[in-house]
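S.K.: Chains L and D, in that order, give the protein sequences.
Under the numbering used here, think of the first position of the first sequence as 3, with each following residue one higher.
Under the numbering used here, think of the first position of the second sequence as 16, with each following residue one higher.
Worth flagging that the hints you see were computed from the coordinates, not collected in a lab.
Quick reminder that beta carbons are idealized off the backbone N, C-alpha and C, glycines included.
All clues stand as given, with none of them false.
Over 12 Å on every C-beta distance to chain L, these chain D residues come out as not near it, computed from the model:
#, residue
1, Tyr23
2, Lys26
3, Asp34
4, Gln38
5, Phe73
6, Ala74
7, Ala93
8, Ser94
9, Ser95
10, Asp96
11, His98
12, Gly161
Distance condition first, Cα-Cα at most 16 Å in a straight line; then the derived EDC-like pairs of lysine to aspartate or glutamate:
#, chain 1, residue 1, chain 2, residue 2
13, L, Lys47, L, Asp72
14, D, Lys67, L, Glu53
15, L, Lys47, L, Glu102
16, D, Lys67, D, Asp126
17, L, Lys47, L, Glu71
18, L, Lys77, L, Asp88
19, L, Lys65, L, Glu53
20, L, Lys130, D, Asp142
21, L, Lys125, D, Asp142
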Amino acid sequence: MSLLGVFEIAGSAMTAQSQRLNVVASNLANADSITSSNGRPYRAKQVVFSELAFGGATGSGVKVTGVIEDSSPGKQVYDPKHPLADAQGYVAMPNVSVVEEMVNMISAARAYQNNVEMLNTAKALMLKTLTIGQ
Amino acid sequence: MLIRTLDYTHKLAMIESLDKLFQFHQNALNVRAFRQQLLASNIANADTPGYKARDIDFAAALRDATSGRAVSAVSLRASSDSHLGGATRDEPAAVLYRSAQQPSIDGNTVDMDVERNRFAENAVHYDANLTFLNSQIKLLLAALQG
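So that you can see chain L by itself, here it is in the shape it has in the complex (with noise of 0.2 Å):
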C-alpha cells in the first residue's frame, strides 16, 4: 500500500525534530552555565537537517546529519569578584541566545505536530481503504 510511505516520512521527522527539541533543552539548561567538563563556558549546539530518499518510498524523510558547535561569541559580563574572572574581571557567559532558543522550541514542536497530524489523516485514509466493499 502506497500511503505507507506516509508513516515512514512522518516518522523520520518526528524523529529529527523531537532530537531539535533534546537539543534546544541542553541549550536552555545550559543557558548559565559557564564551566564545563573541558572547563571553557558552554557552547550552544544546532542540529543540522537533511533530506533523506527512501529506497521503497516516493517522497523523502528528514534525518539529522550532525549537531554543530555554535560558533558565535558569548558574552562578556563584568565581575570581578567572580572565582572565575579573567585577569581584567570579565566572566566569560556561554553563547547561549535565550529568546532563540525559545523561538527554536516552538518552531520544533509545531513541525512536529504538524507531523502527527499528518500521520493521523494517512492511517484515517489506510484504515477506511481496508474497508473497501464491506
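Please arrange chain D on chain L, whose structure you already have, making use of the hints.
M.R.: Showing chain D alone in chain L's frame:
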C-alpha cells in the same frame, strides 16, 4: 450452477469487465496516494535547508495512468526486441517543483499553509474516491443479488 455452464473465455470476459469497472478508481487512488506521500515529504522537510517543495500535475498524472502510461525516471533505449527494459522504478507521475511564493534564505521553498491545504484537500479527494468505489461495489452486489 450458472458459473459451471460458462466456459473459460466467458469467465475471462466477465472478470475483465469487472476489472475495467474498477480500473479507473484504482488508478485514481494510486495517484492520490502517491501525491499524499509527496506532500507528506514536503511537510516533513519544512525545516530542511535547500529542500524544494514538490508536487504533481494531478490531471496529467491521472490521464497517463488511465491510458496505461507510467512515467519512469530513466528509461533505457532498446534497439532489439530481446533487450530487457531497464530496472527503473515506474512512478505514476512526473514530479515537478512548486514555484515558490516566499522562499526562505536557506533555499527551502516549503510554504506550510500551501502544503497543509494541499494535504487536506488530497485526503478529502482520496476519501471521496473510496466512497465512490464503495458505492459502485454496493450497486454491483445489489444487481448480483437481485
